[in-house]
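Since the structure of chain A is provided, determine the placement of chains B, C and D on it from the hints.
4 protein chains.
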Amino acid sequence: MKIGFIGLGAMGSGIAANILKTGHEVVAWSRSPGAVEAIEKRGAKPASTPEVALQADVLFSMLASDAAMREVGLDGPLLERAPRGLLHVNMATISVAFARELAGAHAKHGLGYISSPVFGRPDAAAAAKLTVMAAGEPREIERVRPILEKLGVRFAVVGDKPEQANLFKIAGNFMIASAIEAMGEAAALLRKGGVDPGVFFDVLTGGLFAAPAYLIYSKIIAGKKYEPAGFKLALGFKDAGLTLAAARELEVALPLASVVHDNFLESMAAGWGELDWSSLAKLAAVRAGLDD
Amino acid sequence: MKIGFIGLGAMGSGIAANILKTGHEVVAWSRSPGAVEAIEKRGAKPASTPEVALQADVLFSMLASDAAMREVGLDGPLLERAPRGLLHVNMATISVAFARELAGAHAKHGLGYISSPVFGRPDAAAAAKLTVMAAGEPREIERVRPILEKLGVRFAVVGDKPEQANLFKIAGNFMIASAIEAMGEAAALLRKGGVDPGVFFDVLTGGLFAAPAYLIYSKIIAGKKYEPAGFKLALGFKDAGLTLAAARELEVALPLASVVHDNFLESMAAGWGELDWSSLAKLAAVRAGLDD
Amino acid sequence: MKIGFIGLGAMGSGIAANILKTGHEVVAWSRSPGAVEAIEKRGAKPASTPEVALQADVLFSMLASDAAMREVGLDGPLLERAPRGLLHVNMATISVAFARELAGAHAKHGLGYISSPVFGRPDAAAAAKLTVMAAGEPREIERVRPILEKLGVRFAVVGDKPEQANLFKIAGNFMIASAIEAMGEAAALLRKGGVDPGVFFDVLTGGLFAAPAYLIYSKIIAGKKYEPAGFKLALGFKDAGLTLAAARELEVALPLASVVHDNFLESMAAGWGELDWSSLAKLAAVRAGLDD
Amino acid sequence: MKIGFIGLGAMGSGIAANILKTGHEVVAWSRSPGAVEAIEKRGAKPASTPEVALQADVLFSMLASDAAMREVGLDGPLLERAPRGLLHVNMATISVAFARELAGAHAKHGLGYISSPVFGRPDAAAAAKLTVMAAGEPREIERVRPILEKLGVRFAVVGDKPEQANLFKIAGNFMIASAIEAMGEAAALLRKGGVDPGVFFDVLTGGLFAAPAYLIYSKIIAGKKYEPAGFKLALGFKDAGLTLAAARELEVALPLASVVHDNFLESMAAGWGELDWSSLAKLAAVRAGLDD
Chain A
-3 MKIGFIGLGA
7 MGSGIAANIL
17 KTGHEVVAWS
27 RSPGAVEAIE
37 KRGAKPASTP
47 EVALQADVLF
57 SMLASDAAMR
67 EVGLDGPLLE
77 RAPRGLLHVN
87 MATISVAFAR
97 ELAGAHAKHG
107 LGYISSPVFG
117 RPDAAAAAKL
127 TVMAAGEPRE
137 IERVRPILEK
147 LGVRFAVVGD
157 KPEQANLFKI
167 AGNFMIASAI
177 EAMGEAAALL
187 RKGGVDPGVF
197 FDVLTGGLFA
207 APAYLIYSKI
217 IAGKKYEPAG
227 FKLALGFKDA
237 GLTLAAAREL
247 EVALPLASVV
257 HDNFLESMAA
267 GWGELDWSSL
277 AKLAAVRAGL
287 DD
Chain B
-3 MKIGFIGLGA
7 MGSGIAANIL
17 KTGHEVVAWS
27 RSPGAVEAIE
37 KRGAKPASTP
47 EVALQADVLF
57 SMLASDAAMR
67 EVGLDGPLLE
77 RAPRGLLHVN
87 MATISVAFAR
97 ELAGAHAKHG
107 LGYISSPVFG
117 RPDAAAAAKL
127 TVMAAGEPRE
137 IERVRPILEK
147 LGVRFAVVGD
157 KPEQANLFKI
167 AGNFMIASAI
177 EAMGEAAALL
187 RKGGVDPGVF
197 FDVLTGGLFA
207 APAYLIYSKI
217 IAGKKYEPAG
227 FKLALGFKDA
237 GLTLAAAREL
247 EVALPLASVV
257 HDNFLESMAA
267 GWGELDWSSL
277 AKLAAVRAGL
287 DD
Chain C
-3 MKIGFIGLGA
7 MGSGIAANIL
17 KTGHEVVAWS
27 RSPGAVEAIE
37 KRGAKPASTP
47 EVALQADVLF
57 SMLASDAAMR
67 EVGLDGPLLE
77 RAPRGLLHVN
87 MATISVAFAR
97 ELAGAHAKHG
107 LGYISSPVFG
117 RPDAAAAAKL
127 TVMAAGEPRE
137 IERVRPILEK
147 LGVRFAVVGD
157 KPEQANLFKI
167 AGNFMIASAI
177 EAMGEAAALL
187 RKGGVDPGVF
197 FDVLTGGLFA
207 APAYLIYSKI
217 IAGKKYEPAG
227 FKLALGFKDA
237 GLTLAAAREL
247 EVALPLASVV
257 HDNFLESMAA
267 GWGELDWSSL
277 AKLAAVRAGL
287 DD
Chain D
-3 MKIGFIGLGA
7 MGSGIAANIL
17 KTGHEVVAWS
27 RSPGAVEAIE
37 KRGAKPASTP
47 EVALQADVLF
57 SMLASDAAMR
67 EVGLDGPLLE
77 RAPRGLLHVN
87 MATISVAFAR
97 ELAGAHAKHG
107 LGYISSPVFG
117 RPDAAAAAKL
127 TVMAAGEPRE
137 IERVRPILEK
147 LGVRFAVVGD
157 KPEQANLFKI
167 AGNFMIASAI
177 EAMGEAAALL
187 RKGGVDPGVF
197 FDVLTGGLFA
207 APAYLIYSKI
217 IAGKKYEPAG
227 FKLALGFKDA
237 GLTLAAAREL
247 EVALPLASVV
257 HDNFLESMAA
267 GWGELDWSSL
277 AKLAAVRAGL
287 DD
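Protein chains in written order, with my numbering: chain A, -3 to 288; chain B, -3 to 288; chain C, -3 to 288; chain D, -3 to 288.
Next comes chain A alone, as it looks inside the complex:
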């Protein structure tokens, strides 16, 4: 199978490298020539334009946002030059509305489209330890399932409409942000009451909350180590916006999601966009009159 790949950022590079390991031919394009060179060394063919990468059986894309996809033309213009039978597997975290629009645009051009976003950071992408979701036409998913299963340790089909995978991904990120917010508020309360949050998190992550999400972020919060960012607050803010957009469209009031969103927003205004998104905890502390 000939596979096109568009978008070789921190996530995309790792994923493309793991696709190469499945033995398929990969033609890759990225805005960054360095990233293309790097994947070329691992066996991929470089594509000089997105259109070149498009000439394949299956196109994987991993771009940063709705806007980045529109810029490349994957919302329509580029699709006109796609070969018959192309299946586009979009792994990006995009809005539910845009996923629906993409599905429609591909259908209009007679192309296949599934959404297949992932949970996991760049190191998990490189190590094929992602959690991979997929939604769309079952037969299309089956076509690429063998590849998707190789990209992570967990694979789940979550719906037959592509945008459902995006909703799934958005809801997952909301869960993490909510956990961070809870840890941040608890830490601020405890600190002002003279209790060490480190002891608190030790007790909790040794029992009811013995899960990676709490182990990872409680350490950052107790140690106030918001730099370097594992996941930038500006990206968390973007995702919180996607959650509220989906909630608005589906008519589901989510007060906790609104609190999380507003706190990201206040953190952006404070200039913390480049810090780790767990800086929600820093905000809780500053609000309580603590130094940080």
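FYI, nobody ran anything at the bench for these hints, they're computed from the structure.
You may find that some hints are simply not true.
It does not matter which identical chain is used: a pair holds within one copy or between any two.
[What the hints assert, rightly or not] Straight-line C-alpha distance at most 25 angstroms; calculated SDA-like pairs for lysine to any residue: (1) K188 to F151; (2) K220 to E247; (3) K188 to E133; (4) K234 to E247; (5) K17 to K188; (6) K188 to R96; (7) K125 to A206; (8) K37 to R117; (9) K104 to G237; (10) K228 to T201; (11) K104 to A206; (12) K125 to A60; (13) K104 to G190; (14) K125 to T18; (15) K234 to A93; (16) K146 to T18; (17) K228 to A218; (18) K215 to A152; (19) K146 to A34; (20) K188 to V282; (21) K188 to A101; (22) K146 to D288; (23) K188 to E247; (24) K188 to L231; (25) K188 to D156; (26) K228 to A241; (27) K215 to A230; (28) K(-2) to P42.
Chains B, C and D alone, transformed into the frame defined by chain A:
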């Protein structure tokens, strides 16, 4: 050591039984004669009044609330009849302000006082699988540490002021309620978007959220099994009130805690006080126009 | 001066009629032929297409939303057929981002553009009792000031960038929605405490709150007369979305605006989109377990 | 009629002076000897203890809080020394729960009790321009109606249970705080968008919001003049706490009230307790990254 025990509810009975196993003499009182009889069969001596139970080296108490403790007189009146050198180990989930008041009242009467609340439900209390916290004068904690360590699988000293253990406990319950609220909002969003929350929770609890708090409550939420209650919503509402009271006193704004509190409040108004406190998820669903 | 007019809904019809009274020639277009006929009887010339209305010195438009303007092509396509020197006065309540986009699109085509939204309902539009704001290039505003001043009882220039007038309008609607939310919550609290909200509102609107916003809406709320709608909840929901979109773009956390938005959202999910937007008060009541 | 008066703070002094003008004999006590001397000069008899002031037909009291009333003993101890037939008119802003407790304590001692809180600041108290509410047994209210009507420009009977007047007062303060919060958020949004909030408030208070609450506070907010305080933020915070306590007891979820409360709380943590309560607007600005 002669040990008095006041409060043989679902939690207290299990704890008292485990104290008996440490070999100490236990004199127990409860408002419920049946509970006293039951513990008598396990080897305790029955106390006809709280005052009788008070004639000991150490008094353990496990009552339902600030109000229940005042009713028995443990905030003052009863203390006048306590023997010299008595140490009171209070395991109840009470307010931070009341814990401080209790510490003061005991000091005034020359008595020892430590707070030692626990995490865990009645079955964990019976099986000695609780998480036990303690705060107060270190020497007093050491006096009862051998007993406290036998009541659970985890024991942590969290501060040298008794009320700090209560703050710790309150913060812990806030963490659980926040996790429930997040699961509830995510489930409502997914359901309205046509995605099965069960699949969502399977994926999450198989990875980042692989912790008891999420495993237990996601199952209840996905299955909408809010009855019988493992922990009644009315009690969750009480604890959410303790969180906000502590936050107010310590001057720490907790927007997520306010959302959780308001949602418990709305659930109370809906008459759901006897349902499991994970009915926060039911509220999120009803708000979204789903049946429940 | 030859004036084009696009959009003859409830608001537009009244405004167009008042422009006619200034003695200028008016060429009007609307999606609804009935509306065009009606304004023709008052002296306007009918335009068979938007493009015909565009052939003027000044174009006024009053369409329902960003989407309605895009549909007509005022975001670009239609502008290509505009005469040199045209000044577009946009009176619609649109998003800040779209206003900025429109300003750019007009500049690109060498056309003038100012935003001039209004406060007031259809009856105020017909009676020339609106409050009219304007923002944009001062010289352009001066060109149409004599007309704008005739459309209402109050006229204010609020900035030199068109989108500032839209921000102003959005903030004004947020003020009204906030007042409604406050009245609704107060009424629910009082009712559950056995106090008549009517007495409460009488006292308040006789003193500190003796203003039209409170007089109008407190009467609706105390009487629970949410039908027929003076301003539909679905439109309030749209405007609440514009507020949050502007807040997000400008990085200003607005917790009250989020509460109002979420309550509109919940009301939409309840199927109340056609009720008056003061149904926020109905939601507060239902939440409290009151019948409505 | 012989009238006792307890509590000669900024509000009480003005009210006591106006009661003197009704021709009744007034015996006044205050913790501050200076305040007693001042009212003595206006014709009152000084009381050396609260008990002396209590020997009257009617006792008016105007103390700062639940705690201040307990300190004086008006919740019980002092009542034992009250003359038969005494009617206590309590004008303080106290909690609903405490008002209920007071009504019970007075009934137990065979004394009359009505709540009669007021709207208005010290200057309005001195000028007899208050809004006066009353709730309780109708015959008791009628006994003092002639006096109460002389204390302000508006008098309203709002219920037959004393605590209903307190709920009414609390709801009124919530309305003002909500209006301030709305103005503060709108001002922050506009400022970040480059629009002068002064122009905005001019337009609004010239129309839909032409009411004292908006005229007074918009001027403070637009001018950022939070000192000297007309009403201290610490008091607003106290009242916001009373609102949430009443809401909790009556089971009415009030999300806007929670936002207002949390913002007062954050302002307290910032050390702004002595600023005017309209500093809620300062908080909105600081959150947006504006200087203040």
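Going down the list of hints, with the structure as the test:
Taking identical chains as interchangeable, the C-alpha atoms of K188 and F151 lie at most 25 angstroms apart only when they sit on different chains, with a minimum of 23 angstroms there against 43 angstroms within one chain. Taking CA atoms no more than 25 angstroms apart as the test, K220 paired with E247 passes between copies only; the shortest distance there is 21 angstroms, against 37 angstroms inside one copy. In this assembly of identical chains, the alpha carbons of K188 and E133 lie at most 25 angstroms apart only when taken from different copies (20 angstroms versus 53 angstroms within one copy). With identical chains, the CA atoms of K234 and E247 are at most 25 angstroms apart both within one copy (20 angstroms) and between copies (12 angstroms).
Proximity of K17 to K188 under the C-alpha cut-off of 25 angstroms is found in neither arrangement, the shortest distances being 52 angstroms within a copy and 38 angstroms between copies. Proximity of K188 to R96 under the C-alpha cut-off of 25 angstroms is restricted to the inter-copy arrangement: shortest distance 15 angstroms between copies versus 47 angstroms within a copy. Proximity of K125 and A206 under a CA criterion of 25 angstroms is satisfied in both settings, with 20 angstroms inside one chain copy and 15 angstroms between copies. In this homomeric assembly, K37 and R117 come within 25 angstroms of each other (Cα to Cα) only inside a single copy, at 23 angstroms, whereas the closest approach across copies is 57 angstroms.
Proximity of K104 to G237 under the C-alpha cut-off of 25 angstroms is found in neither arrangement, the shortest distances being 28 angstroms within a copy and 31 angstroms between copies. Taking identical chains as interchangeable, the C-alpha atoms of K228 and T201 lie at most 25 angstroms apart whether they share a chain (24 angstroms) or sit on different chains (24 angstroms). In the homo-oligomer, the alpha carbons of K104 and A206 never lie at most 25 angstroms apart, since the shortest distance is 47 angstroms inside one protomer and 41 angstroms across protomers. For the identical chains of this complex, K125 and A60 are intra-copy neighbours only, at 20 angstroms inside a copy versus 46 angstroms across copies, given an alpha-carbon limit of 25 angstroms.
Only between protomers do K104 and G190 lie at most 25 angstroms apart by alpha-carbon distance; the minimum there is 23 angstroms, versus 62 angstroms within a single protomer. For a Cα distance limit of 25 angstroms, the shortest separation of K125 from T18 inside one copy, 15 angstroms, qualifies, whereas the shortest one across copies, 47 angstroms, does not. For the homomeric pair K234 and A93, the shortest alpha-carbon distances inside one copy (15 angstroms) and between copies (17 angstroms) are both at most 25 angstroms. In this assembly of identical chains, K146 and T18 lie within 25 angstroms of each other by CA distance solely inside one copy; the values are 8 angstroms within and 54 angstroms between copies.
Within a single copy, K228 and A218 get their C-alpha atoms as close as 18 angstroms, which meets the 25 angstroms cut-off; across copies the closest is 31 angstroms, which misses it. In the homo-oligomer, the alpha carbons of K215 and A152 lie at most 25 angstroms apart only across protomers (18 angstroms), although the nearest pairing inside one protomer, at 29 angstroms, exceeds that limit. Proximity of K146 and A34 under a CA criterion of 25 angstroms is satisfied intra-copy only: 21 angstroms inside one chain copy versus 58 angstroms between copies. In the homo-oligomer, the alpha carbons of K188 and V282 lie at most 25 angstroms apart both inside one protomer (11 angstroms) and across protomers (22 angstroms), since each shortest distance falls under that limit.
Taking the closest pair of Cα atoms, K188 and A101 come within 25 angstroms of each other only across two copies (24 angstroms); inside a single copy the shortest separation is 54 angstroms, beyond that limit. For the homomeric pair K146 and D288, neither the shortest alpha-carbon distance inside one copy (42 angstroms) nor that between copies (38 angstroms) is at most 25 angstroms. For the identical chains of this complex, K188 and E247 are inter-copy neighbours only, at 8 angstroms across copies versus 38 angstroms inside a copy, given an alpha-carbon limit of 25 angstroms. With identical chains, the CA atoms of K188 and L231 are at most 25 angstroms apart between copies only, with a shortest distance of 22 angstroms across copies and 30 angstroms within one.
Proximity of K188 and D156 under a CA criterion of 25 angstroms is satisfied inter-copy only: 15 angstroms between copies versus 49 angstroms inside one chain copy. Both within a single protomer and between protomers do K228 and A241 lie at most 25 angstroms apart by alpha-carbon distance, with minima of 20 angstroms and 21 angstroms respectively. Taking the shortest Cα distances, K215 and A230 sit within 25 angstroms of each other inside one copy (21 angstroms), while across copies they are farther apart (33 angstroms). In this homomeric assembly, K(-2) and P42 come within 25 angstroms of each other (Cα to Cα) only inside a single copy, at 13 angstroms, whereas the closest approach across copies is 59 angstroms.
Hint compliance for this structure: hints 5, 9, 11, 22 are broken, all remaining hints hold.
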